[in-house]
Amino acid sequence: MNGKSRLINILLSLAPILLALLFTTLILIAVGAPPWEAYRNILSGAFESPEKIADVVAACVPLILCGVGMSITFTAGQWNVGVEGQIILGAVFATWVARSLPWPQVPVLTLMVLAGMLGGALWGMAAGLLKVYGKVHEIFGGLGLNYVAQGLAIWLIFNPWKPADGATMSGTDPFPDPAWMPRLGNLRVAPLAVILALVAVAMAYFLLRGTRWGLELKALGKSFRSAFMLGVPSTPRLLTAFSVCGALAGLAGAIRCSARYGRMIPEISGGQGYLGLLVALLASYQPQWVPLIALFFAAVGVGSPRLELNMHLDSSLGGVLEASVVLAVMIVGGLRALLARRQARLGAGEAS
Amino acid sequence: MDGGFLIQTLSSLVAAATPVVFASIGETVSEKSGVINLSLDGSIALSAMAGFAVAFTTGSAALGVLAGMAVGALIALVIAFASITLRQEQVAVGFVLTMLCTELADFLGNPFVRKPGPSVPHAPIPYLSDIPVLGPILFDHNLLVYLSMVSVVVAWWWMYKTQPGLKLQGVGERPESAFARGVDVDRLRYVYTVVGGALVGLAGASYSLSIKLGWSHRHTYGIGWIALAIVIFGGWNPWRVAAGSYLFGLLKALGSILQRNPAFANVPTQIFSSAPFALMIFALLLLSSEGVDRLLALLPTRLARRIDRTIRGRSPGGLGRPFVQE
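Those protein sequences? They're chains D and L, same order as listed. In terms of the numbering used here, the first sequence has 260 at position 260, counting the first letter as 1, and numbering is strictly consecutive. In terms of the numbering used here, the second sequence has 272 at position 272, counting the first letter as 1, and numbering is strictly consecutive.
Simulated from the structure, these hints should not be mistaken for lab results.
Result set (EDC-like, lysine to aspartate or glutamate): computed pairs, CA atoms no more than 20 angstroms apart in a straight line:
#1 162(D) - 267(D)
#2 52(D) - 37(D)
#3 135(D) - 308(L)
#4 161(L) - 173(L)
#5 135(D) - 293(L)
#6 222(D) - 89(L)
#7 162(D) - 177(D)
#8 162(D) - 173(D)
#9 212(L) - 140(L)
#10 218(D) - 89(L)
#11 167(L) - 186(L)
#12 52(D) - 308(D)
Bound conformation, chain D alone:
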């Protein structure tokens, strides 16, 4: 009996992935594309060579940082959807350092990382202040700030930071050499970035599990009112949660412009903030699960441009797959709870 129910449990936890694959398969059939070939293209686009695998690892970094950051704000019951803007501000601050300080590599990179974290933290704090003092729901505050940050980035690129031969959507001039985060040989992955992301996971895990701060965030997330009544200082806790998340997102922004592009581009956030939100939801706000899920998202993200190259399909199929996995997890989870409620009611009916 026990073995059987465990098997059922394993099957049920795989069900969302199968459901999501079923959904994308139906979509592919609807547009007349061979589904198997599409999935094969995504997989080979992500894993066919050491270069590609390095790309996947590099793509994990911002997803991990944002996913971990949002695990913290979600724990406090906050929908910090402003991460996109926090990434942008991180990149803006880091770019400022890279462009204005002609120093050697170690101090420049250190300052870029710190400046990025500061920029992200300030933007996160802004969403937090709007929420706590302005009573603007964090979804609207965060989204609004995202669009404002996007406007700011484009303005900077097209005005003060425009290249000598004219501004384009391809961004600023490349950074001076010291501001590039060193890569692993010819591979497009910066070991330092990966280390920073893993440190963030460990720190967030420790902060949420082993500190009073984490416990108080959890209490606020479970029931804001009761936690407040019991004397949890809600305002400073929420503001620090927003700032820590913002700092991690800002770090992601600094890493994206220093390790990936070597300059500032308008699309520097590239939807990583929204994908990170899906990662945090799938990890059910547990930092230790974030890297694994980020790996899945990164593989799909790196692999799906192949659809455009080889099959003339839009690469957004990857996004469809990722979002439908999250939706399927919610639906399957809800169905299981519904069945459990039904069974409990039936059981109660039989007992009486």
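Let chain D serve as the given structure and place chain L on it in line with the hints.
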């Protein structure tokens, strides 16, 4: 500025506000029943794409409009099922659906990008459009524009002047008491969420078939979030929500007039494209902040109470939480 120009500007403003009016009225309907449809931005994108794709393929704008409505209603049905039957968090489901629908619109809409296609034909209302000033502003548009105005009146009349409308308010305000009086809370919530979703679908269809003809990536950029904020701004009352939508349209029109003015030639366009969202934050901040309370306290009490009631609405009491039958 001469009169003709002013009339023309106001007329194009009324037309341009159509999607925002549909979306915010649709959202008001579903939030009144207690269900937040946070997927607006994605719903609008997907229904705009679907509306255009169907109109392009069949050559019929009417079928396109119906397809847009169907897509909006279907997405709302998913939200209703997940949040009412499965009791998942409404905001979470809505946000994930926003992303899913946006990506889906990009993927499925790929073959239709920047293709010319059918649009809803211009149809001035005979006689009414001849009225000086008001005629060209209100009655010289296409059917979708008229329908958006009608939707405001009907939504208000239904909510506040009819028996089923009272039930709708009860279901959203106090689901427990509504249930005690024999109202099937969950069923009504399903109905109104889907009806609201169909209106959101109309918003999408009116984008691609009446305002910004055709389809391209990120076509409906952020308008769903604006509509969601306008519902709060309008205090869940159709008249004020509509007023908010037109006010937003007015500010946007002013923005583009300023942008064309040589005096503002040096102001980067990004300021104008970010401005609506900064404005959104500012409007919400203004409504909820204590600063307004302090200002109102300076006024005579009766006047202050009146202004407070006019500018601020209260959210339905049961908004966002599932109804659990004890």
